[in-house]
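Chemist: Generate the whole structure from the sequences, applying the supplied hints.
Top line first, the protein sequences correspond to chains A and B. One point on numbering: in this note's numbering, the residue at position 63 of the first sequence is 96, and numbering is uninterrupted. One point on numbering: in this note's numbering, the residue at position 62 of the second sequence is 95, and numbering is uninterrupted.
Please note: incorrect hints may appear among the correct ones.
Label-pair ranges, simulated between beta-carbon atoms [said to hold, decoys possible]:
| id | chain 1 | residue 1 | chain 2 | residue 2 | range |
| --- | --- | --- | --- | --- | --- |
| 1 | B | Glu-50 | A | Glu-48 | 32 to 38 Å |
| 2 | A | Gln-78 | B | Pro-72 | 16 to 22 Å |
| 3 | B | Lys-103 | A | Ser-47 | 46 to 52 Å |
| 4 | B | Asp-61 | A | Tyr-72 | 38 to 44 Å |
| 5 | A | Thr-103 | B | Glu-50 | 27 to 33 Å |
| 6 | B | Arg-106 | A | Ser-112 | 41 to 47 Å |
| 7 | B | Lys-51 | A | Lys-85 | 44 to 50 Å |
| 8 | A | Glu-48 | B | Thr-145 | 32 to 38 Å |
| 9 | B | Thr-119 | A | Glu-102 | 28 to 34 Å |
| 10 | A | Gly-94 | B | Lys-36 | 45 to 51 Å |
Don't read these hints as lab results, they were simulated from the structure. Note that the Cβ used here is the ideal one computed from N, Cα and C, for glycine as well.
Here is what each chain is made of, one letter per residue.
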Amino acid sequence: GNSVTQMEGPVTLSEEAFLTINCTYTATGYPSLFWYVQYPGEGLQLLLKATKADDKGSNKGFEATYRKETTSFHLEKGSVQVSDSAVYFCALRSFNKFYFGSGTKLNVKP
Amino acid sequence: DVKVTQSSRYLVKRTGEKVFLECVQDMDHENMFWYRQDPGLGLRLIYFSYDVKMKEKGDIPEGYSVSREKKERFSLILESASTNQTSMYLCASSLGAGTGNTIYFGEGSWLTVV
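Modeler: Here you go:
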């Protein structure tokens, strides 16, 4: 079956620290992988995506590389800001359906 | 930009009431989804529609039904609301073909059942 597992939060960092949020997946076929971000009181917004193995998705300083050999899609950012505080969801698309991880809350302190 | 609009942001309903949550998308997407989001449980798929009048159960369909009479509109119906259906409900849409196609979300509807 299809599933996504991501690290539990909350993750608390100081401003300018390095961020990694781990995500691994189980999938049938050849899924596309996504990271979504949710700010308080809002819906989910696409942060980045990768559609095949070894692709790197990037946006707003965030990056993630589709690693088929380790079935992972870890989210990284070199220097986080207070405005990055949000909940981050890893997801995969297999055929017409999307499967989401449970979300990781990130708190960035000034 | 794709826009997914949920008609109500905040609702308070009584136990036993019939509740309608409406969702409209403006990008001619084939697929539409209803998710429920609860703390610690992430997003759980309630129902999925891949075409007008077509629907498929998700992971937690019990107590819910859906309607898709037009391509742009997907309604979630709680036939008899219960307190355990207090939650945030997220509507989403995506194109049908192409594995890289993204899912787009509305802002969510916060439902409280008292």
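Chemist: For which of the previously enumerated hints does the structure constitute a violation, in increasing order of number?
Modeler: 1, 4, 5, 9 and 10
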